[in-house]
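Could you slot chain B with the ligands onto chain A? The hints should help.
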Amino acid sequence: MTAYRRPTRLTEALALLAEAPLPPLLLAGGTDIYPARAAAEAWMRPVDRPLLDLSALPELAGIEDRGDYHRIGARVTWAALREAALPPWFDALRQAASQVGGAQVQNRATLVGNLCNASPAADGVPPLLALDAEVELAGLGGVRRLPLGGFIRGNRQTALAPGEIATAVLVPKAAPDAAARFEKLGARAYLVISIVMVAAVVEAAVGRITRARIAVGACSPVAQRLPGLEAALAGQPLAQAAAVPAAAHLAALAPIDDVRATAAYRRQAALVLLRRALTLPAEAHAA
Amino acid sequence: MTAQAILLTVNGTAQAVTAPPATRLSTGLRDHLGLTGTKVGCDAGDCGACTVLLDGAQACACLVPLAQATGRAVTTVEGLAATPMGAALQRAFLHHGAAQCGICSPGMLMAASELLAAVPRPDEAQAMAALGGVLCRCTGYRKILEAVLEAHAFLGDAPLGNWPAPPPPAAGCAVGARIPRADGVAKVTGADLFGADTAPADALWLRAVRSPTPRARFSFGDWAPVLARHPGLVQVLTAADVPGRNGFGIYPDIKDQPVFSTGELRYRGDVVCALVGDRATLDAIHLDDLPIAFENLPPVTLAGGDALHDRWPDNLLTTGRVVSGDAEAALAASPHVAGIEIETGFVEHAYIEPEAGWAQRVGDRMEVFACTQAPWMDLEEVAGVLGIPHSDVRIIPSACGGGFGGKLDVSIQPMLAIAAWLLRRPVRAVLPRSESMASSTKRHPARITARAGCDAAGRLTGFAFEGAFDTGAYASWGPTVAGRVPVHCMGPYRVPAVAARARAIFTNNPPSGAFRGFGVPQAAIAQEALWDRLADAAGLDRLEFRVLNALRAGDATATGQVLEHSVGLVACLEALRPRWLALREAAAAANARGGPRRHGVGIACMWYGIGNTGMSNPSTMRVTLGPEGLVFHNGAVDIGQGSTTVLLQIAADALGLPVDAFRLVLGDTDLTADAGKTSASRQTFVSGRAAQSAGAALRDAILLRANAGPEARLDWRGGTLLVDGRPLALDAPLEGIGRFDPPTVPLDADGQGIPYATYGFAAQIAALLVDTELGTVRLQRIVAAHDVGRAINPTLVEGQIHGGIAQGIGLALTEEYLPGRTENLHDYLIPTIGDVPAIECILVEDREPLGPHGAKGIGEPALVPTAPAIFSAIRDATGIEVTRIPALPHRLLEAMPR
Ligand SMILES: Cc1cc2nc3c(=O)[nH]c(=O)nc-3n(C[C@H](O)[C@H](O)[C@H](O)COP(=O)(O)OP(=O)(O)OC[C@H]3O[C@@H](n4cnc5c(N)ncnc54)[C@H](O)[C@@H]3O)c2cc1C
Ligand code: FES
Ligand code: FES
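Order-wise, the sequence lines are chains A and B.
Using our numbering, read the first sequence as starting at 12 and increasing by one per residue.
Using our numbering, read the second sequence as starting at 663 and increasing by one per residue.
Chain A extracted, bound-state conformation (with noise of 0.2 Å):
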């Protein structure tokens, strides 16, 4: 029987972590948790991990408009997202939120949740990695900050070191008008994990992009910004910025074969989202 404890207070939590003699699994809305254990038991390989669950931790509710940044709270859900009043630069990160799963899993699973579990397909990166977005890290020697794309460290690794919980994530404020696009490629309409998917964030004056912060996932084993694109997009009209993407601005990524899709195909896919992403501000694309 796994053993479980739900603490109310995050003091209560880091110490229950800090003392616990086998390390436990922290859990939010269980979304991946529970399937992983699912495939494990229909083959007779049962987990036996104690659970911390960080669902009753008040410290981690809400999303809060904090100055200069930002903070979402680690119990925030795909569907909180969804449905919060945000400035126009979330809206990758909303468009994200409706596509994830189907409405019973945006109801649960969180955000955060879904940056711990550090899937490359994970559809929350690649908004957040545009947004220069930072993970707040709390243990009992106090809390850290860390850049989103520092925290997670490969596939399904993150710098959650032992003692730690992830209890929001920082979103730092982008130019009032700033734009932002998501497009996610799958297989079907609804439950489907991402073949591909790419998020932009462009900040413009007077018709021109001014700043253009690019990310692609599912590409490599985490997601990643395209510097050399962003560099090229700069200054560039904003008309013509659907036109700027290049194969050799791909030329990081390190996509796979796999049951979705070929490295070749995630290559070619990227290259066309991002220029449909680019196609701004028009509302283009409803595929």
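Hints in this document: simulated from the structure, not taken from any laboratory.
Treat the hints loosely; a few may be bogus.
Computed beta-carbon distance windows for the label pairs [as the list claims (entries may be wrong)]:
1) Glu990(B) / Ala47(A): 55 to 63 Å
2) Thr19(A) / Pro905(B): 33 to 41 Å
3) Asn1253(B) / Gly165(A): 56 to 64 Å
4) Ala258(A) / Arg941(B): 51 to 59 Å
5) Asp268(A) / Glu1206(B): 39 to 47 Å
6) Glu786(B) / Asp188(A): 28 to 36 Å
7) Arg734(B) / Pro99(A): 33 to 41 Å
8) Pro887(B) / Ala31(A): 27 to 35 Å
9) Gly1049(B) / Gly165(A): 54 to 62 Å
10) Asp188(A) / Ala1500(B): 50 to 58 Å
11) Pro975(B) / Ala258(A): 49 to 57 Å
12) Arg941(B) / Gly165(A): 44 to 52 Å
13) Arg941(B) / Ala47(A): 18 to 26 Å
14) Ala47(A) / Leu669(B): 25 to 33 Å
Note that the Cβ used here is the ideal one computed from N, Cα and C, for glycine as well.
Chain B with the ligands only, in chain A's frame:
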């Protein structure tokens, strides 16, 4: 750690559940509170069958730790009717035929109820977003969507009685009426009992230990330490424990699949042994703790390898042939010839209900309650493995949460029966989703080469077909596929010369069995591609080419059978012609605007022999009148397709009483006669004729008893039968028995004979757009014209068409079962509600004189033309010939001209 009680509110009532806090909420509801209306299809968030409301928001109960439900309000399907909108939604589901097998219905209803509470009159996009997380494998979603959009119209206080408003049709008017399912109420209230929903409280659990690799030798070590370590482990069952024959299989002379393997494991999922004990013990046992040594062997594939079974040294299970005329000569002389090679993959049935049930020994008899499509075949298998007479086995089919051919073969039944027999205790089992997918049968992967020719005017001249079908580790339905394919592979067309051969070949893959169409859908993909190419070569419109070549009444088929009646293909094509022209015009206009998204319209036809191929397949139905009232004993299993309702409509009209006069006794082999299996689209045609005869026979008996003439009027008033207004006095029960076996003639060595008594015909159009930069396909519309002979219940017929189309979409575009890689419902992608476009159904009724009221069958015909129509439309949009199926985006993009 002892479990403390978790307090929550369920359907308005405070509840305390004493269970470990990490227990899934679904388990808490089902096992601890007995609320089995919440279904479990995957335990992984993938199917949505377990959807409940948690404080009003939909959630997968299988992903919610019970502890997180503490203090919260849970609403399940059992509590849905408490709100007016919830009750309205249930009525709408019944009226629209939105529940077929019903296993997804509780989840669908709960997901929809979240939306309707906020938006009583949603639009289609809102409804899709709300239901996107619930999978349905039966309905194709369209009727579910209709029901949700119109739920508001069902507000009111009409009771959700057995026969909701409007009242049932009068005596003699049931056939042709859109009456709601006779078993529908239980499906929309969650009361229906599926395989996992019931078992005696003291039942032990059984878990099969399965091969993790495609081919291995294994040996057992010492079990004593394991048994000592786990006191809750009652028994380990191996091949040595099988009391009777350690083998089962569809054909009486091929019982090649062992219940428990003996030394060699032939596919990932093959059974090593089974553990029987209490559930907690079994759940905690780790494969690596068991004294089993595996030695992997090189797997046999279609490319070849060692003999898998001594009986078939070349791994060739069987070959089917149809030869008429000289196809090679005809092709050589044809001005236009086209050829194609295609390759299809394994397709998983993906019924939302995994295999489940329980068995108990009653004296020297064995009773098995489980989900099945074929209770009488289960009976034979159970008797065989126990070595007891058939009369000592009773099969009680549970409600069946989808089958599509996959529940024709036994799964858990032999193991459960052996365990319950030896232990003299009830034993139950529920397969986890991945185990279900790994162990159950699949659609045969096919490698097909086909060539066809036509003359300058476009008339077909010859057709040559060669198909290799991967039949996997065991025979299952391999011979049926190899037999059916050559008969059907030229399609419903006049082809003067045919040479067709299909071979079923053993490999170390999962056993390929029966899946909606028995190989015909794969063959139709090749055949219809050729017609498009020949039509183009001959300068004919693709629809008109099919009209020109379509079979008509009076034509002879390649097996030499002259089709006298009910050949409605030309009528189907003519019904489609206006839609074809309009859709093509719209596509051309859209394409003229340019852009990376290309529109296309495609067409495909099919025919499908109803019932077994050249083999007896009788059905017997019984209607009795006696102290229990008027009882319809119907042994045909309704797996969602609607036979319970359709056969009732037929029997009722034959007898001359309304449908609500009948009490139904269904499936139980002790209480009903053998109606044959629910497969081959045969129940409406075969059992329907039997039901008609049974109703008529009881009517004759009643009229004789009442000394009344044939025109006498029967009425049913408060449990009494009136004949011309006078109560009928009965000193002994009366019964009517009907039996029907469709007349066929076995095929000879050249495939000549009369394989089927009748055929269904259909043509479908697919309109879609292809994103030429991404290789993705978006379906816009399917128009389906089906000659069903007679639609006994048009709502149910449409439901079959919608569901078949949805499965055809999956076959064409997304579904590919790869052992060990896509054995779950998030990597194996069946269509969601957003993947099935609007469907128009056109029912053509070219009556079949042998059928009840002229009816034929629809189950499989619905699926066959969809994938070929989609590929035809892709060809139209892009010129691409899809040869590797499914047409996943990367495959389409690769094929795209640069
Ligand atoms: C049917 C279905 C469809 C899905 N579709 C998508 C999809 O389309 N796109 C997508 O990206 N994902 C998808 N997912 C995956 C999943 O829903 C997301 O990754 C989700 O956001 C995880 O959040 P959670 O709260 O449920 O995490 P949990 O399952 O509770 O946890 C996930 C992991 O993160 C760790 N963790 C959670 N919270 C913290 C924390 N605060 N600090 C440290 N570690 C933590 C856990 O220990 C665990 O390892 C799908 C899942 C399902 C079941
Ligand atoms: S059982 Fe919960 S989603 Fe399938
Ligand atoms: S009715 Fe939906 S799965 Fe059967």
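Evaluated hints:
A beta carbon spacing of about 56 Å between Glu990(B) and Ala47(A) agrees with the range 55 to 63 Å that was offered as a hint. Separated by about 57 Å at the C-beta atoms, Thr19(A) and Pro905(B) break the suggested range of 33 to 41 Å. At about 45 Å, the CB distance of Asn1253(B) to Gly165(A) disagrees with the hint of 56 to 64 Å. The beta-carbon spacing between Ala258(A) and Arg941(B), approximately 55 Å, falls within the hinted interval of 51 to 59 Å.
Taking the beta carbon of each, Asp268(A) and Glu1206(B) are about 43 Å apart, inside 39 to 47 Å as hinted. Remark: the range hint 28 to 36 Å for Glu786(B) to Asp188(A) is upheld by a beta-carbon distance near 33 Å. Between Arg734(B) and Pro99(A) the beta carbon distance is about 34 Å. The supplied range of 33 to 41 Å therefore holds. Look at Pro887(B) against Ala31(A): about 30 Å separates their beta carbons, and that is inside 27 to 35 Å.
Separated by about 56 Å at the C-beta atoms, Gly1049(B) and Gly165(A) satisfy the suggested range of 54 to 62 Å. Checked against the given bound of 50 to 58 Å, the beta carbons of Asp188(A) and Ala1500(B), roughly 39 Å apart, lie outside it. For Pro975(B) and Ala258(A), the Cβ-Cβ distance of about 53 Å falls inside the hinted range of 49 to 57 Å, so the restraint holds. Taking 44 to 52 Å as the suggested C-beta distance range, the pair Arg941(B) and Gly165(A) does not conform, at roughly 37 Å.
A beta carbon spacing of about 21 Å between Arg941(B) and Ala47(A) agrees with the range 18 to 26 Å that was offered as a hint. Our hint of 25 to 33 Å for Ala47(A) and Leu669(B) holds, since their Cβ atoms are close to 28 Å apart.
Violation of the numbered hints given earlier is confined to hints 2, 3, 10 and 12; the remaining hints are satisfied by the structure.
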